[in-house]
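**Student:** Since the structure of chain A is already known, use the hints to place chain B on it.
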Amino acid sequence: MRVPREMSKVRYAQDMRFATPLHTSRRRHALSSRTLTVSAALGWLTLGGIAVFAIVQLSGLNQGSLLGGFLMSLGRTSVAYVIALVASIVIALSITANPIVERILLPIFDVLQSFPSFALFPILVNSLQRSPELVILVVLALEIIWPILFSIIGGMKNRREELEEAATIFGARGWRRIWVFTLPELLPSIVTGSIVGWGEGWEVIIGAELLVSVHQGIGRYFGILGNSGQSTLLAAGIGVLMILLFLINKLIWLPLLHDVSAYETET
Amino acid sequence: MSTSGFLTAHQITKRFAGADTLALHDVNLTVESGEFCCIIGPSGCGKSTFLRILSGLAPTTSGRVNRPDEHKLAMVFQNFALFPWLTVYDNVAFGLRMRGVSHAEIHERVSTQLAQLGLADVSQQHPKELSGGMRQRVGIARALVIEPTILFLDEPFSALDAFTADTLRKELLDIWEKTHVTIVMVTHLVEEAVELADRIVVFSPKPGTIQEIVPNHLKRPRVKRSPGFYKAVDELTAQIVLPTA
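As given, the protein sequences belong to chains A and B, one line each in that order.
Under this note's numbering, the first residue of the first sequence carries the number 1, and numbering increases by one thereafter.
Under this note's numbering, the first residue of the second sequence carries the number 1001, and numbering increases by one thereafter.
In isolation and in its complexed conformation, chain A is listed as follows:
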């Protein structure tokens, strides 16, 4: 019997969908595991939300200044993180591709990473007077970049030669190799470095927003509270910030770290 063209397309799509069948029990297990993860995330969000609401209500913190400032600082840290991440990947891949360049640059980077980024503040403020946002971004990115860069370089040093050879003999070359092989292989190192870098970024942004006159930011808000002697409100604000950062770690970084553990190679 002749199968209509559209019907054969549907059948093909169904075949593709079930090309790699999951056992029903495995699928059920995967679903229940996902449901548990989502439920746990919602639980933490609710608990965190209640805690923040209670602190704000009891202390009398200005909700707009606190949450607006937090979101502004979150945005700055996120932009700086993305810049540092891209730069780290490009630098790490470039220098490890050439042993001579690596031998020259690694000791230099090692010295630079111990140099406090705040020490550059006077120079940056003078040279970028009209753009306080840019000053903060540069200081932040310079702080975040080192843990990510060194973690990626460490990951590249520990790569398994057999995996490299498998990628080569099965045809992974050029840019495509970076996308389908190198980056997935390095993902555990990228996530580990990112967690450290992200934490250091939050340490720096509070100070940076205190030093540079920005319109809004959590550091700026804490500065106002501190300068006006409102110590109780300041303590409450720090408490709220700690809860929010804990939630980001719990809901984003830790699940990501768990997921990429499956990417790690066994020796």
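Note that these hints are calculated values from the structure, not bench results.
Bear in mind that the values here come from a model prediction, so they are computed numbers and not experimental data.
Yeah, the Cβ is synthetic: ideal placement off N, Cα and C, and Gly gets one too.
The reader is advised that the hints may include incorrect statements.
[As the list claims (entries may be wrong)] Some, not all, of what chain A presents toward chain B, calculated at C-beta under 7 Å:
hint : residue
1    : Glu162
2    : Glu165
3    : Ala172
4    : Pro184
[What the hints assert, rightly or not] Below, a list of computed lysine-lysine pairs in the DSSO-like style, where the Cα atoms sit at most 30 Å apart:
hint : chain 1 : residue 1 : chain 2 : residue 2
5    : B       : Lys1128   : B       : Lys1072
6    : A       : Lys157    : B       : Lys1128
7    : B       : Lys1170   : B       : Lys1231
8    : B       : Lys1128   : A       : Lys250
9    : B       : Lys1231   : B       : Lys1178
10   : B       : Lys1224   : B       : Lys1178
**Tutor:** Just chain B now, kept in the frame of chain A:
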């Protein structure tokens, strides 16, 4: 030496950077199309290095290798070398995707290969979830799915238990008898070489060089408990030179 073979290595010499001694010295070998060739020798004699030179994965210090279509070479690795972030299906499909094969063809070829090697039920699992034997099946499927002209195997059964290794050896023989793909396999087990190979290349160490090439005239299927098999194993074992301290 004849240079008319399917795969030829001519006066291969290899010295690793900073090493005093040569890893390989003046190695010549011709492998014919459809041949099953085993390379044996003690640890450190350079047989794996030579395999990588033959496959194009490692450069020579001097000498040259003539091999057919570079896009049709595949390798099975000692420790499987599966990509841990990919499922079994995606690991097997990797080589085809890199070669720009259409989705429909990838689906058809990968599904067939998985079914042939008994991997269909685990196609969505990750390598971490599989036993050693199943991982090596995935490694073999990944290599065979590209329909290679030459299949290189680097001690493919040495990380497996004896029973699994024996089963996979038989499956490899079945595959070779059906496809007649040219196979070059490194092993340190004399019995394995005698069971599988048409010709056995005996390497000696320091520097790594071919000591002898032994044709294997035992009729297939080979019975491991036959007097002829024992004799071949004994003769070959006597030729292997162990490295001096």
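**Student:** If a hint holds in the structure, say so; if it does not, say that too.
**Tutor:** Evaluated hints:
1. Glu162: holds (4 Å)
2. Glu165: Holds, about 5 Å.
3. Ala172: Holds - the Cβ of A/Ala172 comes within 7 Å of chain B, reaching about 5 Å at its closest.
4. Pro184: The hint holds - A/Pro184 has a Cβ within 7 Å of chain B, the shortest such distance being about 4 Å.
5. B/Lys1128 with B/Lys1072: holds (28 Å)
6. A/Lys157 with B/Lys1128: Distance ~22 Å between A/Lys157 and B/Lys1128 Cα, so the pair holds.
7. B/Lys1170 with B/Lys1231: holds (21 Å)
8. B/Lys1128 with A/Lys250: Since the Cα atoms of B/Lys1128 and A/Lys250 sit roughly 25 Å apart, the hinted pair holds (cutoff 30 Å).
9. B/Lys1231 with B/Lys1178: Status holds; Cα separation ~28 Å.
10. B/Lys1224 with B/Lys1178: holds (21 Å)
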